[in-house]
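Peer 1: Chains as they are written, first to last, in the working numbering: chain Z, 1 to 73; chain S, 1 to 314.
Honestly, I wouldn't trust all of these hints.
As the list claims (entries may be wrong) - Stretch-level coverage of chain S by chain Z, calculated; a stretch enters the list once three of its residues show a Cβ under 8 Å from a Cβ in chain Z:
no., segment
1, 23-29
2, 70-79
Claimed, not checked - In silico contact screen, one side only, chain S against chain Z (beta carbon under 10 Å); selected entries:
no., residue
3, Leu9
4, Tyr13
5, His15
6, Trp17
7, Ser19
8, Arg20
9, Ser48
10, Gln137
11, Gly138
12, Gln143
13, Thr181
14, Gly182
15, Ala246
16, Gln264
To be clear, the hints were calculated from the coordinates, so they are not data collected in a lab. What you are looking at is a predicted structure, and each value in this text was computed from that prediction instead of being measured. Built from N, CA and C at the ideal position, the CB exists for glycine as well.
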Amino acid sequence: MIEDILRMSGTRLGPGTLYGAIARLEKQGLIKPLPADERRYPYRLTSQGEKVLRAQLATLRRFVRAGLQKLEA
Amino acid sequence: MRPDLIEVLLRLYPHWWRSRYEAEFTALLEETPPGLASLLDIVVCAISTRVSLFVEETMVHPVQRALPALFAAWLIAVAAGINLWASVDDNPLVASMRSHAPWMNSWLAIELGSLLGLAAVMAAGLPLLVAVFRQTQGAQRRQMLVRLMALPVGAAVVLLWIGTVLIGTRGHWAPLPWAVTGDWFVAPGWPSLLTRWIFGVTTLVLLLATGLCSAIGFRQMIQEAAAPSLLHWRFVGRMSIVVLAASLLLMAIATGLWGLFASQYASAIFHANFGGLLNLSTFSSWLLSFILFTVAAVIAIRSARQYNAGVALL
Chain Z
1 MIEDILRMSG TRLGPGTLYG AIARLEKQGL IKPLPADERR YPYRLTSQGE
51 KVLRAQLATL RRFVRAGLQK LEA
Chain S
1 MRPDLIEVLL RLYPHWWRSR YEAEFTALLE ETPPGLASLL DIVVCAISTR
51 VSLFVEETMV HPVQRALPAL FAAWLIAVAA GINLWASVDD NPLVASMRSH
101 APWMNSWLAI ELGSLLGLAA VMAAGLPLLV AVFRQTQGAQ RRQMLVRLMA
151 LPVGAAVVLL WIGTVLIGTR GHWAPLPWAV TGDWFVAPGW PSLLTRWIFG
201 VTTLVLLLAT GLCSAIGFRQ MIQEAAAPSL LHWRFVGRMS IVVLAASLLL
251 MAIATGLWGL FASQYASAIF HANFGGLLNL STFSSWLLSF ILFTVAAVIA
301 IRSARQYNAG VALL
């Protein structure tokens with residue numbers, strides 16, 4: 001997961017930060033754990049998590065669009 | 001990282017966190033190369049987890065502390081009212097009470113207080129539930145509904161239980177805790193004394209469990225709600241809470257007077273046992289109700305003051 005985030009964002013999360021985020025998201029009901037696969041402990045989005053992520057991405061898209069328009073104007 | 005270092009780092013986290021994430025966090029740390037940045041990250045996040053836990057447990061807004069306490073005060077008053085009513089139901093005191101105006105008026109004041117209290121709880125509770133319901137979504141909303149169902153489901157279970165026993169005894173006896181034993185002749189068709197005790201106590205336990213679960217559910221619901229969401233509700237809430245506290249105080253005072261008049265006008269009957277909620281004498285039942293009403297009034301007045309102070313912080 002840390003490597004995935006590094007590839008996507010260019011930032012390497014520390015283990016404490018990663019599990020702080022996981023604990024918060026799980027407590028808010030946005031993710032839930034899947035059965036462990038040997039040493040892998042995967043999680044998946046809940047339906048509520050998917051809604052929240054969609055809303056966040058839509059906000060980011062509007063933000064990016066508005067920013068690009070300002071730059072091009 | 002080395003296992004002994006991992007063990008030390010894990011101990012920095014709270015117990016609930018370790019019991020949930022220890023296995024997977026250990027697996028991650030075993031693959032993480034040791035370094036100052038990782039160590040600092042883990043230490044800072046462990047402290048942050050402990051601080052947020054402390055804040056969640058102790059920094060509950062005064063409004064969120066006051067509302068469950070007020071609801072609990074009302075439930076205590078309901079229990080006191082049921083106990084008093086059960087001790088007077090089918091009691092020769094009623095005939096005597098009707099012939100003494102001050103005594104009867106104190107009873108009417110208790111009834112008026114109970115109606116005012118119920119109206120205040122409805123007037124405050126319904127808009128409050130709407131306000132909290134609006135700010136919740138998805139799983140949290142479903143959880144809230146489950147908590148709200150404690151009272152109607154508990155009441156339905158109690159009614160179902162009473163109805164079943166009533167049918168089982170062919171309509172002769174309902175398992176009411178105040179109809180177990182007393183200074184009366186047992187009607188034909190009633191079950192044995194042991195059965196009446198067991199069934200009566202079962203009803204009492206069901207009633208207590210319903211009240212307790214409702215209070216706990218309401219407390220959790222209010223404390224999980226964001227305090228600012230109660231903002232729109234505060235004006236209706238303030239009026240209702242004042243009325244609720246006043247009604248509980250009225251019931252406490254009126255119950256005290258009712259007992260004094262009973263002792264003055266019908267002392268012998270007052271000290272006999274015609275079956276209260278706990279099969280005590282009417283005097284003991286009255287004393288229990290008076291204490292419960294007084295406790296409820298004190299809690300309500302203190303919580304109303306706490307609520308008023310808390311609203312200013314919203």
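Peer 1: Next, verify each hint and record whether it holds.
Peer 2: Hints, one by one, checked against the model:
With 6 residues having a Cβ less than 8 Å from any Cβ of chain Z, the segment 23-29 of chain S passes the three-residue criterion, so the hint holds. With 0 residues carrying a beta carbon less than 8 Å from a beta carbon of chain Z, the segment 70-79 of chain S misses the three-residue requirement, and the given coverage is violated. Taken as an interface hint, Leu9 (chain S) checks out: its beta carbon lies about 9 Å from the nearest beta carbon of chain Z, inside 10 Å. The criterion of a C-beta within 10 Å of any C-beta in chain Z is met by Tyr13 (chain S), whose closest approach is roughly 9 Å, and the hint holds.
With a least beta-carbon distance of about 14 Å to chain Z, the hint placing His15 (chain S) at the interface is violated under the 10 Å criterion. Interface hint status for Trp17 (chain S): upheld, as the beta-carbon distance to the closest one in chain Z is roughly 7 Å, under 10 Å. Because the smallest distance between the Cβ of Ser19 (chain S) and any Cβ of chain Z comes to about 12 Å, over 10 Å, the interface hint for this residue is violated. Contact between Arg20 (chain S) and chain Z, as hinted, is supported at the beta carbon level, the nearest pair being about 8 Å apart and thus within 10 Å.
Interface restraint check: Ser48 (chain S) against chain Z, minimum CB-CB distance 7 Å, threshold 10 Å, status holds. A cut of 10 Å between beta carbons decides the hint on Gln137 (chain S): the least distance to chain Z is about 7 Å, and the hint holds. A distance limit of 10 Å between C-beta atoms decides the matter here; for Gly138 (chain S) the minimum to chain Z is near 4 Å, and the interface restraint holds. Against a cut-off of 10 Å between C-beta atoms, the interface hint on Gln143 (chain S) holds, since the closest Cβ of chain Z lies about 9 Å away.
Interface restraint check for Thr181 (chain S): the shortest CB-CB distance to chain Z comes to about 51 Å, outside 10 Å, so the restraint is violated. Annotation: Gly182 (chain S) was flagged as interfacial toward chain Z, and the flag is violated, the nearest CB pair being 52 Å apart, outside 10 Å. The interface hint given for Ala246 (chain S) is broken, as the beta carbon of that residue sits about 40 Å from the closest beta carbon of chain Z, more than 10 Å. A least Cβ separation of about 60 Å between Gln264 (chain S) and chain Z goes past the 10 Å threshold, and the interface hint is therefore violated.
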